[in-house]
Amino acid sequence: MTFTIRLANAPVSWGIQEGTGWGRGEAWAMVLDEIAQAGYAGTELGDYGFLPTDPARLREALAARHLEMLGSFLEANLHTRSAWTTAQAEALRNGRLVAETGGRYLVLSETGDERRRAGAGRVTPKMGLTDEQWAVAGEGANFIARAVRDELGLETVFHHHVGTFVETPDEVARIMAATDPELVGLCLDTGHYAFGGGNPREALRRYGQRVRYLHFKDVSVARLAEARARGLSFHEAVAAGVFTELGQGVVDFPGLLADLAAHNYEGWACVEQDIVPGGGIIPLDSAVRSREYLRLLGL
Numbered sequence: 001m002t003f004t005i006r007l008a009n010a011p012v013s014w015g016i017q018e019g020t021g022w023g024r025g026e027a028w029a030m031v032l033d034e035i036a037q038a039g040y041a042g043t044e045l046g047d048y049g050f051l052p053t054d055p056a057r058l059r060e061a062l063a064a065r066h067l068e069m070l071g072s073f074l075e076a077n078l079h080t081r082s083a084w085t086t087a088q089a090e091a092l093r094n095g096r097l098v099a100e101t102g103g104r105y106l107v108l109s110e111t112g113d114e115r116r117r118a119g120a121g122r123v124t125p126k127m128g129l130t131d132e133q134w135a136v137a138g139e140g141a142n143f144i145a146r147a148v149r150d151e152l153g154l155e156t157v158f159h160h161h162v163g164t165f166v167e168t169p170d171e172v173a174r175i176m177a178a179t180d181p182e183l184v185g186l187c188l189d190t191g192h193y194a195f196g197g198g199n200p201r202e203a204l205r206r207y208g209q210r211v212r213y214l215h216f217k218d219v220s221v222a223r224l225a226e227a228r229a230r231g232l233s234f235h236e237a238v239a240a241g242v243f244t245e246l247g248q249g250v251v252d253f254p255g256l257l258a259d260l261a262a263h264n265y266e267g268w269a270c271v272e273q274d275i276v277p278g279g280g281i282i283p284l285d286s287a288v289r290s291r292e293y294l295r296l297l298g299l
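In this note's numbering, the protein residues as written are 1 to 299.
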């Protein structure tokens, strides 16, 4: 049996969340320093432009801290064919920096709209895509994945995300069915899957070897219930502290690790705790505690 998980963390745990502008005032060097200090071996690109975009400078910054670049997250409108060209250009821009700094993954997500973001964790069938849109979304993901593979040698993994059109377990199943397994794997985000109403262990059992990358994230039971009861949007739920340190929420990490061992998983897991800057959480302290929790579990 082969079972190897290398652990990373990402700028999002310091409040630098793609597409929001949150945390852009944070010093990138400090964030990288603290990721390394907390005991992680890698990181993601984060919001494009937060880390240096000059490949040589970024390679030097990573090497000085013994960190590896993993990949870049991209939210794209896949279900609208006319949006593909713009999404592909952004994927290639981000992906080129990732490839030139030793990374491997494009972490691709569908977009949402105001209704989906407002209805986070409370999705109804009427809020979803049509059958035609699902087919187009699958084609769009394949289109982008093929481009970054052929031009940059990167692997695409699809990231289901609360507040987008791929949030619930049924929606994850739809996008997996609509995409080519040779082109598009799955980034299983344990926190987003739980927030969307699923059990991450069931997702792993369902998708098996198609899970090629992991985001380890935990969700507070009480704050998730509060977010649903109050009708909070995704960003409002994040601001209310719905994501917590690993081991303090609903995700069964001991069971999940046993499942990953049974599946002979070899690869990276990026620990994330989405936060709002200035929300009272000290990112370094939380990152250290999450790392220590995983160490107690044998990682």
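Please keep in mind that the hints were generated in silico from the structure rather than gathered at the bench.
In this text the structure is predicted, and so the values were computed from the model without any measurement.
Possibly wrong hints are sitting among the right ones.
To be verified - Label-pair restraints from in silico Cβ distances:
#	residue 1	residue 2	range
1	Arg149	His263	22 to 30 Å
2	Ser82	Thr4	40 to 48 Å
3	Asp54	Ala261	33 to 41 Å
4	Gly278	Thr85	21 to 29 Å
5	Asp54	Thr124	30 to 38 Å
6	Glu151	Ala83	16 to 24 Å
Think of the CB as a built atom: it goes at the ideal place given N, C-alpha and C, for glycine as much as any other residue.
Checklist entry - Taking the beta carbons of Ser82 and Thr4, is their distance inside 40 to 48 Å? => result holds (42 Å)
Next on the checklist: Given the hint of 22 to 30 Å, is the C-beta distance from Arg149 to His263 inside that range or not?
Outcome noted: About 23 Å separates the Cβ atoms of Arg149 and His263, which means 22 to 30 Å holds.
Checklist entry - Does the Cβ distance between Glu151 and Ala83 fall inside 16 to 24 Å? => result Holds - the Cβ-Cβ distance for Glu151 and Ala83, about 19 Å, lies within 16 to 24 Å.
Next on the checklist: Is 33 to 41 Å respected by the C-beta to C-beta distance linking Asp54 and Ala261?
Outcome noted: Holds - the Cβ-Cβ distance for Asp54 and Ala261, about 40 Å, lies within 33 to 41 Å.
Item to check | Asp54 versus Thr124 beta-carbon gap, inside 30 to 38 Å or not | outcome: violated (46 Å)
Item to check | Outcome for the supplied range 21 to 29 Å, where the beta carbon pair is Gly278 and Thr85 | outcome: violated (37 Å)
In the structure shown, a violation is registered for the earlier hints numbered 4 and 5, in ascending order.
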